[in-house]
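Participant: Residues per chain are reported as follows:
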Amino acid sequence: MAEEHGAETHGEAEHGAENHGPMHQFEIKPLIDFHVGKYDLSYTNSSLMMTFVVMLTFLLFAGATRKRTMVPSRWQSLAEILYEFNATMVKDNIGKQGLKYLPFVFTLFLFVLLSNVLGLMPYSFTITSHIVVTASLALAIWIGATVIGFARHGFHYFSLLLPKGTPMAVAPFLVLIETMSYFIRPVSLSLRLFANMMAGHVLLKVLAGFIVTLGLLFGWIPLVAVFGITLLEIMVALIQAYVFALLTCIYLNDAVNLH
Amino acid sequence: MTDREPTPSRPPPSLEDVSARLAAAQARKAQETAADSRRKGKAEGISIGMRVGIELLASVLVGGGLGWFFDDKLGTSPIFLLALVSLGFTAGVLNVIRLTKRMDLAQGIVHGKANDNSQRPKAPEKPSDDDDE
Chain S
1 MAEEHGAETH
11 GEAEHGAENH
21 GPMHQFEIKP
31 LIDFHVGKYD
41 LSYTNSSLMM
51 TFVVMLTFLL
61 FAGATRKRTM
71 VPSRWQSLAE
81 ILYEFNATMV
91 KDNIGKQGLK
101 YLPFVFTLFL
111 FVLLSNVLGL
121 MPYSFTITSH
131 IVVTASLALA
141 IWIGATVIGF
151 ARHGFHYFSL
161 LLPKGTPMAV
171 APFLVLIETM
181 SYFIRPVSLS
191 LRLFANMMAG
201 HVLLKVLAGF
211 IVTLGLLFGW
221 IPLVAVFGIT
231 LLEIMVALIQ
241 AYVFALLTCI
251 YLNDAVNLH
Chain X
1001 MTDREPTPSR
1011 PPPSLEDVSA
1021 RLAAAQARKA
1031 QETAADSRRK
1041 GKAEGISIGM
1051 RVGIELLASV
1061 LVGGGLGWFF
1071 DDKLGTSPIF
1081 LLALVSLGFT
1091 AGVLNVIRLT
1101 KRMDLAQGIV
1111 HGKANDNSQR
1121 PKAPEKPSDD
1131 DDE
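From first to last, the protein sequence lines stand for chains S and X.
Numbering-wise (this note's numbering), the first sequence opens with residue 1 and increments by one.
Numbering-wise (this note's numbering), the second sequence opens with residue 1001 and increments by one.
In case anyone wonders, no lab produced these hints; they're calculated from the structure.
It is possible that part of the hints are untrue.
[Unchecked claim] Using 20 Å as the maximum straight-line C-alpha spacing, the simulated DMTMM-like pairs for lysine to aspartate or glutamate come out as follows:
1. X/Lys1101 / S/Asp254
2. S/Lys91 / X/Asp1036
3. X/Lys1101 / S/Glu178
Let's have the full structure, built from the sequences with the hints guiding it.
Facilitator: Rendered as structure tokens:
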């Protein structure tokens, strides 16, 4: 797989020192081989990055809450700002009874946020630029929200598919559309994060390649562009994490409050 | 902070003075919250803008995928594909309309429970901007 990929990129782009095409950065490399039956459960560079993200989250909050003071230190107030941000988001979107889902939303937010931001560092790996990861997260959220909805409302949860005040004439058609829109949710949720992260990283790599090819004379033009796009990517990384958590809240709201 | 008996060196501030200072502080606070909500509105706008495009793409993809799957299983070649792609597109457009409604709500154009009091002051300046989107 890796060799094939290398050969392909070598054929179409020979500018790099080795055959490092713009897609090279997304390659999964097994670090510790581990196979169970026909399943490949190797510990990869993606897993390493996930471990790193989780450890960093843990360290951030363990450190911030080690000495709890009324007047917070900078570290503690960073943790408090993050917490308040999420708590407000959950309260605004689900309401007071939604606060029991705050740990879930907060965890998701931190995971996506740190994956996005740490992925921007040179030589690191962006977990969220793989659709497998974002789709697993989105499916877990979607299935979870559906289960919560049915657990809380029983068969009444189906009334989500028929908005209030629909004339009977268009009701069958609208139910079809609403069902469709319910099934679109996990796809758009995963696609958005994946597409944004991947597109940004490919763009950065392509432009960075131009710096080398254009040399000293014109190389500064893409360099300026790369600088600007890096700033843009930092913003995208933050906004996408926010959007992911926000949509989780919106889906949970449908499940908890039903209209 | 709250001295019941004023210290002899400082005479108690006159009521006019207090109310003037209070008004100034309130004005500053209002300005701050307005700036805050404007910033929040901008972030909200960016996040909604990012959602619109993908929403349309995903709806067509899901429609096409499901339609293709049913056609493949039932052997009714283009029927489900065509029906579900158009249905998916309809759902996508509906979702986008709902998103823009949500944005209006966030900007305070329609009264709603979300951001009700924080966004109301800037309601008049927004609609012209929103209509042509």
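Participant: Which numbered hints turn out to be false for this structure?
Facilitator: none
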